[in-house]
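Trainee: The primary structure of each chain is shown beneath.
Number of protein chains: 2
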Amino acid sequence: MNFSNLLADRTRNMGSSAIRELLKVVEQPGMISLGGGIPAPESFPLQLFDDLTSQVLKKYSSNALQYGPSEGFRPLREALVVYLKKSDIRTSVDNITITCGSQGVLDSIGKILISKGDKIAVEAPTYIGALSAFNPYEPEYIALETDYDGVIPESLEKALKHNKIKFVYLIPTFQNPTGRTIPLERRKKIAEIIRYYNALLLEDDPYSSLRYRGEAIPAIKTMAPDNVLYTSTFSKILAPGLRIGFSVGPELITKWMVLAKQGIDLHTNTFSQALAAEYIEGGHLDKHLPRILSIYKPKQEAMLNALAKYFPGNFQWSKPAGGMFIWAEGPSGFSTEKLYCKALERKVAILPGQYFYPHPGMGLETMRLNFTMMDAPTIDKAIKILSEVIKEELSRVSMSYS
Amino acid sequence: MNFSNLLADRTRNMGSSAIRELLKVVEQPGMISLGGGIPAPESFPLQLFDDLTSQVLKKYSSNALQYGPSEGFRPLREALVVYLKKSDIRTSVDNITITCGSQGVLDSIGKILISKGDKIAVEAPTYIGALSAFNPYEPEYIALETDYDGVIPESLEKALKHNKIKFVYLIPTFQNPTGRTIPLERRKKIAEIIRYYNALLLEDDPYSSLRYRGEAIPAIKTMAPDNVLYTSTFSKILAPGLRIGFSVGPELITKWMVLAKQGIDLHTNTFSQALAAEYIEGGHLDKHLPRILSIYKPKQEAMLNALAKYFPGNFQWSKPAGGMFIWAEGPSGFSTEKLYCKALERKVAILPGQYFYPHPGMGLETMRLNFTMMDAPTIDKAIKILSEVIKEELSRVSMSYS
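Taken in sequence, the protein lines are chains S and Y.
Here the numbering used here is used: the first residue of the first sequence is 1, the next is one more, and so on.
Here the numbering used here is used: the first residue of the second sequence is 403, the next is one more, and so on.
By construction, these hints were calculated from the structure, which means they are not laboratory data.
Hints may be right or wrong, so weigh each one.
Examples of chain S residues toward chain Y, derived with CB under 8 Å [to be verified]:
id, residue
1, LEU6
2, SER54
3, GLN103
4, GLY129
5, ALA239
6, LEU259
Computed from a predicted model, the values in this text were never measured in an experiment.
Each residue gets a CB set at the ideal place from its N, CA and C atoms; glycine is no exception.
Can you make the complete structure from the sequences, with help from the hints?
Mentor: Set out below in structure tokens:
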């Protein structure tokens, strides 16, 4: 039986993620992957977890296993109000919604806001999962220009001035894929622009807790609270398999997200929400986070050191103070898609950067490098191999010019 | 800040669930609710649960907490292949998708199949959560006629003959809201019609495990496997808070559901999927299900007995052999909306049936009665009070005629 005649128009926009296909090769034995984007399993509080489940069952009994409200498990929303205050995000329980990962926020925002052809402004490059969430609702993307300090405010202002933009989507801190962070002054400018144009900003902040150096920078949410729907996740500070994300919204957006969520999944997993609540309230997050940082910091340093040691002079890369990714760019005309194929033969997997752009043909010379899944010596080895392949490619390219 | 100008066209179809509003009163102290639809907390395997979490953490370690594939945790999908075989549903791991409750199946099916104005055939009345899932994709509903044996095959045939129907949605066993079950012979006819018209049936089967009397009736999936996307859930046989649903699909539908799911929530909670896998594989479901049945059977009998004892002669009601609901109908012209208000004053909550119809103005004299949440004596008391209110209403109505 072939039901392809039944597919909705929007389904054409759901092509299989190229990244998903590329990453399938990563599972080959002996492959060193710089291509993934998942947390190190040793960063999960596995020892604690068994105790945490017992505590939660004792504390909430059958309520931890029962249906719950679409907006989320109240003790978790209450714990988040206190937790967010530490980052100067002041909100009330009523403005917090719990979702199935922050992906759940992206999907429901797409669902309630995007009509076909609506314009969404996104960084170029941006998180590919956001594009997967928005695509089925058939938006048009306005690509915002970025530099090594993230989105360029003038580009944002131009976009808002000349277009009717439904919302702006930004990842201001340790962005996926670039690792870039928007500095304080630029954030203030962005907040001012957003407020001036009475625009809605979806601020995605999954990585800011993973800071290995320097001072925390306040979220744009703190600078334009009424204009920002802030979203984050427990995926990087507890465990991604629990699928607990949350949003801190303007009231009306929150209200409609909750209505949409009734149709999407009724509500998020109660048991995992109770675990996340206990993880914060019991002080476990505060104790465990330094351990996570101590795992990632040396890995990230190993990658930055290896890049400095091995990469050719005509390559540039981001030097983030946290997060999970480094973004590298070759000279104009260099193809990281070709590099991907050649590096695979040497058992190193990378992710070409072009898939992170909202429009095809951009970022052909870029790549995303992840450092969370390997130990420091393996990272050094992988970057060394990658550099060798790059140099072969560069010489091949320059020969083809001659 | 008011962002209501930003809402997508489809968002107009997401009005707050009337049921949700009606059920808010249920939380008042002293209220006896026949209006809800949730499992009894004492039906959860709470004692077992603590052991189950430890076993899962020992067995799968950090894999139980890590990101997982969008199609679902493989050990759960493998366990389901074996489990479904007992109900004569023969499938392979590749055709099984795990979702956030069966609500997740309804949403993703809506997403991949429904373009604005597409026709969906549903029972009248039907599960309101299905309407909430489909509504945002802006379908038109074709209401299928039903009697005490569920959907009438001739009505289905007529609908398929005269309309281009995207899919048919049915709950053949212990339907929500009516409790009705389609008998074997009628299922065979339905399977034949579906096959003849090369139609797609979404067969929602959350309740068939909750059988208190009589023989199991095979799913329509067993009779037209290529035309049916079968969906069920762990909400009634383990715990709804885990949000684990699944579908057994025709291959192409499954493939597109998985693509859609990448944008919706990446994947379903890994830890809960591992718990569900262990619950089946370890033989716990087989041991625990009789306990669940022993909790519900006397409650359901209490309600059927009380209805026979107290309800007036011009009322009819379903006598299901399982599930969670009984459907009662007053004489033509009787308003269960008014009954709802009057019964509330006597501290008994019911759910007017009209909200379960795809079109307004239908089922004004109907109501759904749930028996899972109270003990037998309380059920008897509630039905007695309800009967008194009904009789007052009936005499008031007859007086207003005279």
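Trainee: It remains to establish, for every hint, whether it holds in the given structure.
Mentor: Taking the hints in turn, this is what the structure says about them:
For LEU6/S, the suggested interface contact is upheld, since its CB lies about 5 Å from the closest CB of chain Y, less than 8 Å. Here the hint on SER54/S is kept, as its CB sits about 6 Å from the closest CB of chain Y, short of 8 Å. Taking 8 Å as the C-beta cut-off, the interface hint given for GLN103/S holds, the closest approach to chain Y being about 5 Å. Below 8 Å, beta-carbon pairs count as interface contacts, and GLY129/S has one with chain Y at about 7 Å; its hint therefore holds.
With a least beta-carbon distance of about 4 Å to chain Y, the hint placing ALA239/S at the interface is held under the 8 Å criterion. A least Cβ separation of about 5 Å between LEU259/S and chain Y falls short of the 8 Å threshold, and the interface hint therefore holds.
The structure shown violates none of the earlier numbered hints.
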